[in-house]
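**Student:** Chains as they are written, first to last, in our numbering: chain A, 363 to 458; chain B, 24 to 248; chain C, 288 to 506.
There could be a bad hint or two in this list.
[Stated by the list, open to error] Rough simulated footprint, nothing fancy, chain C against chain B, three-plus residues with beta-carbon under 8 Å:
#: 1; region: 173–183
#: 2; region: 194–204
#: 3; region: 223–230
#: 4; region: 239–246
The set of hints was computed from the structure by calculation and includes no laboratory data.
Glycine is no exception: its CB is placed at the ideal position from the N, C-alpha and C atoms.
If you want the building blocks of each chain, they are given just below.
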Amino acid sequence: MAIRRPLRGVPTAVLTAWLIAVPALAQQPPGTASEYVPVPEGSIQTEQLPAAPLLIAAYAFFIAVVVLYVWTLGRRLTKVETEMRALEQKAQTGRR
Amino acid sequence: MFLRAALLVLRKDFAIERKSLEILVTTLFFAVSCVLVFSFGLVKEGKAPTDAAAAILWIAVAFAGTLALGRTFERERYGDTIRALLMAPVPRPALYVGKLLGVVLLLFATEAILVPLIAILFAAPLLARPLLFLAVLVSGSVGFAAVGTLFAAMLMRTRSRDVLLPILLYPITIPVIICGVRGTAALMASPADEAMAAVWLSILIALDVVFVTIALWTFETLMVD
Amino acid sequence: MAKSLLAPLAAATVVLFAIALVLIAQAPPESTMGLVQKIFYFHLPSWLGMYSAIFTCGVASILVLAKGSAVADRFAVAGAELAVLFGANGLVTGPLWARKAWGVWWTWEVRLVSALLLWLVFVAYLIVRRYAGPGSDKLAAAVALFGTAVSPFVYISVNFWRTMHPKTTVLPTLPTSMGVPMLFSCLAFMALFGTLLAIRVRLAERETALDALYLAYED
Numbered sequence: 363m364a365i366r367r368p369l370r371g372v373p374t375a376v377l378t379a380w381l382i383a384v385p386a387l388a389q390q391p392p393g394t395a396s397e398y399v400p401v402p403e404g405s406i407q408t409e410q411l412p413a414a415p416l417l418i419a420a421y422a423f424f425i426a427v428v429v430l431y432v433w434t435l436g437r438r439l440t441k442v443e444t445e446m447r448a449l450e451q452k453a454q455t456g457r458r
Numbered sequence: 024m025f026l027r028a029a030l031l032v033l034r035k036d037f038a039i040e041r042k043s044l045e046i047l048v049t050t051l052f053f054a055v056s057c058v059l060v061f062s063f064g065l066v067k068e069g070k071a072p073t074d075a076a077a078a079i080l081w082i083a084v085a086f087a088g089t090l091a092l093g094r095t096f097e098r099e100r101y102g103d104t105i106r107a108l109l110m111a112p113v114p115r116p117a118l119y120v121g122k123l124l125g126v127v128l129l130l131f132a133t134e135a136i137l138v139p140l141i142a143i144l145f146a147a148p149l150l151a152r153p154l155l156f157l158a159v160l161v162s163g164s165v166g167f168a169a170v171g172t173l174f175a176a177m178l179m180r181t182r183s184r185d186v187l188l189p190i191l192l193y194p195i196t197i198p199v200i201i202c203g204v205r206g207t208a209a210l211m212a213s214p215a216d217e218a219m220a221a222v223w224l225s226i227l228i229a230l231d232v233v234f235v236t237i238a239l240w241t242f243e244t245l246m247v248d
Numbered sequence: 288m289a290k291s292l293l294a295p296l297a298a299a300t301v302v303l304f305a306i307a308l309v310l311i312a313q314a315p316p317e318s319t320m321g322l323v324q325k326i327f328y329f330h331l332p333s334w335l336g337m338y339s340a341i342f343t344c345g346v347a348s349i350l351v352l353a354k355g356s357a358v359a360d361r362f363a364v365a366g367a368e369l370a371v372l373f374g375a376n377g378l379v380t381g382p383l384w385a386r387k388a389w390g391v392w393w394t395w396e397v398r399l400v401s402a403l404l405l406w407l408v409f410v411a412y413l414i415v416r417r418y419a420g421p422g423s424d425k426l427a428a429a430v431a432l433f434g435t436a437v438s439p440f441v442y443i444s445v446n447f448w449r450t451m452h453p454k455t456t457v458l459p460t461l462p463t464s465m466g467v468p469m470l471f472s473c474l475a476f477m478a479l480f481g482t483l484l485a486i487r488v489r490l491a492e493r494e495t496a497l498d499a500l501y502l503a504y505e506d
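Here chain A stands alone, though its shape is the one from the complex:
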């Protein structure tokens, strides 16, 4: 289903608008802080559960998952491209 020429810019525009609008709308001017309050300097106490491993695990998981996904996508793309080129070559030699 081909998108007609004059309309071709519309999905691009909509996607760009969406990608900017979502985080923009999620923000609002900061008012009085009631739940998320930054620590006054020098008053952090040591906690029972070490936070660092959890923090690192969280960020590491995200990076690992995204990298893995992009890698699999890249692999599948190159595989499809090579198959396509092989097929096109075969078609060429077949026609000759």
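Please arrange chains B and C on chain A, whose structure you already have, making use of the hints.
**Tutor:** Just chains B and C now, with coordinates in the frame of chain A:
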């Protein structure tokens, strides 16, 4: 015309089922054994946890319902009657409604056995507020059956259909289960929380409307394949 | 369309993540939750990503069912995969944060349960597409449609249980020192979502083209 077609489908299924009673009897027995398994899992020193009766009722309905759905459509597939049904000069959604009515009636028959059984086994006042309880039971069963009938019909000609049906059905019918269990539990409490039960009931009815509407809209497209 | 947007989107993603990470590292730790609250900067945008992906998949599925559009089908698959990706991230970072902040890995609370159920629906979508054989695109579209339609009800029905989650009004009360890193983090995640969506849709396009080539070649 629509209603007549739906009722004709129902009558056909009814006539076939009446001869052997296969699906009815096996579903009932499965539901009962489900309840027993849960009882042995949950009852400790002769007492079950307070809301267990409500939970077990709805879980048994969900499991038994899934089995019954699979086998109702298996019968159609086996006899290859589905092609005849699809070729009939009736609106396709009427087929869906006919099948839905059949499944709902089967669920009612199962619940007719399950409710007294659970009430006795768990000494649970399931019928404390009979009308509201019946409303919750009916709307919950219809909601579950609405999604189930659509998915079972569309999975009829796919591979791995037996295991795909629960995989698709359960995440989507969990709100039905939640509302059913909570509504039933609210009615079993002492004193019975009728206001809360009415809230759960209204969510269930809204869910039923949404599910049946979407199912009627998509049935045509999905059965063309 | 996907091709022309890919390079700028990818570039934007890298830049925004770089900025966001620097800002997150510099952001002050929160007074009651301490260092672990910094997971928040990745946790919330993950849900933004998942809901964007679900929206994409839902709209595309409606088009697949109504028009049988092949383009919509590619967006539906891409949206579902990204929904599972970002949702998995949210479901892992959430408990990691909760373990430190609230002491438990999991609570049966509105947003957690609703998100989990919605995530499961899209996992089911991918399972159907993979294992259901021919015609699976329409079946999966129906699953996506039902899942998206039922999500407000999931939220409402689970909502009557007790909640430990911070109220949604947290964002407006974020002080600037935390609001700015959060903004960049959100923008970075949305750019990532756009990039991954573009790549995945392009992959689907190429696979369809390959199938068409095979068919033409066989003739």
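**Student:** Just pull the numbers of the violated hints for me, sorted ascending.
**Tutor:** Failing hints: none at all.
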